[in-house]
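Participant: The task is simple: from the sequences and hints, build the whole structure.
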Amino acid sequence: MSGFGAALAYEWIKFRSVRSTVWTTAVTAVLPVPGAAFVAATGSLQPDDTVLGGSLTLTVPAMMLAAVVGALVMSGEYSHGTLRTTFAAVPRRGTVLAAKAALVAGVLYVLTLPSVTCAYLVGDAMLGEGYAQGEPMPALLGVAAAFSVAGLLGLAAGALLRHAAGSVTTVLAVLLLPALFGPLFGDAQRWVAGMSPTAALEKLIQTSDATAEAVGSLGAWPSLLLVTGYAALALTAAAGLLRRRDV
16 MSGFGAALAY EWIKFRSVRS TVWTTAVTAV LPVPGAAFVA ATGSLQPDDT
66 VLGGSLTLTV PAMMLAAVVG ALVMSGEYSH GTLRTTFAAV PRRGTVLAAK
116 AALVAGVLYV LTLPSVTCAY LVGDAMLGEG YAQGEPMPAL LGVAAAFSVA
166 GLLGLAAGAL LRHAAGSVTT VLAVLLLPAL FGPLFGDAQR WVAGMSPTAA
216 LEKLIQTSDA TAEAVGSLGA WPSLLLVTGY AALALTAAAG LLRRRDV
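Using the numbering used here, you'd call the opening residue of the sequence shown number 16 and step up by one each time.
Derived by calculation from the structure, the hints in this document are not laboratory data. The beta carbon of each residue, even a glycine, is placed where N, CA and C say it ideally should be. Some hints here could point you the wrong way.
[Said to hold, decoys possible] Taking CB as the label site, the calculated pair distances span:
1) L191 to T57: 22 to 28 Å
2) S232 to F53: 28 to 34 Å
3) T57 to L256: 42 to 48 Å
Facilitator: In structure tokens:
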């Protein structure tokens, strides 16, 4: 059997068998909750911020780990030399990449949605009155989706570059550099800064730092759709290159 279902089952076996991937995924899912407790316990929430934004402070580093998960799922096969076996079991390389993408996106969404919801509830319970609540729904659904998109970008980077360190470095640069170098582009700053999943995440959690001047003028959901489109384009390029390579 070499259909999508068989490929997905095969990828799941590999995913849960690699300790580095499992542990990175686990930390990604757990990180937002202690972050919410820390912000509330230290009283470090800014007066103009929301409970939602403060509670999800550590979603940005958690998203970086989600991108690393995606990169490891693909680059790990190159590092361990198992990709030939994978393609022998499932000859359609596009099916292999689609199965990896479905697995990464699905696992990250299923794990991070309850995590970010719990983080918000913890922050809400500990912070009490005095802060604007923000609008957790449907924002929390979008936050979990942003994790999935980051994972897909990492997967595409792993397929394109084939090297673990290179793919991790590249996808982290995609997440961080638009905001850092946006000011260098003058009037185009808001569009450059809004190109990364980090910008979409900051808008979704309604942080006080997510101004149009800092992370682009698009709204939260259009920004998420934009970076989802980028991820789809990157995966399409990766699929084309995967078909042309020897391995």
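Participant: Work down the list of hints and note, for each, if the structure agrees.
Facilitator: Cross-check of the supplied hints:
Checked against the hint of 22 to 28 Å, the C-beta distance between L191 and T57 comes to roughly 25 Å, which is consistent with it. Judged by the Cβ atoms, the range 28 to 34 Å given for S232 and F53 holds: they are separated by roughly 32 Å. Checked against the hint of 42 to 48 Å, the C-beta distance between T57 and L256 comes to roughly 47 Å, which is consistent with it.
Hint compliance for this structure: every hint is met.
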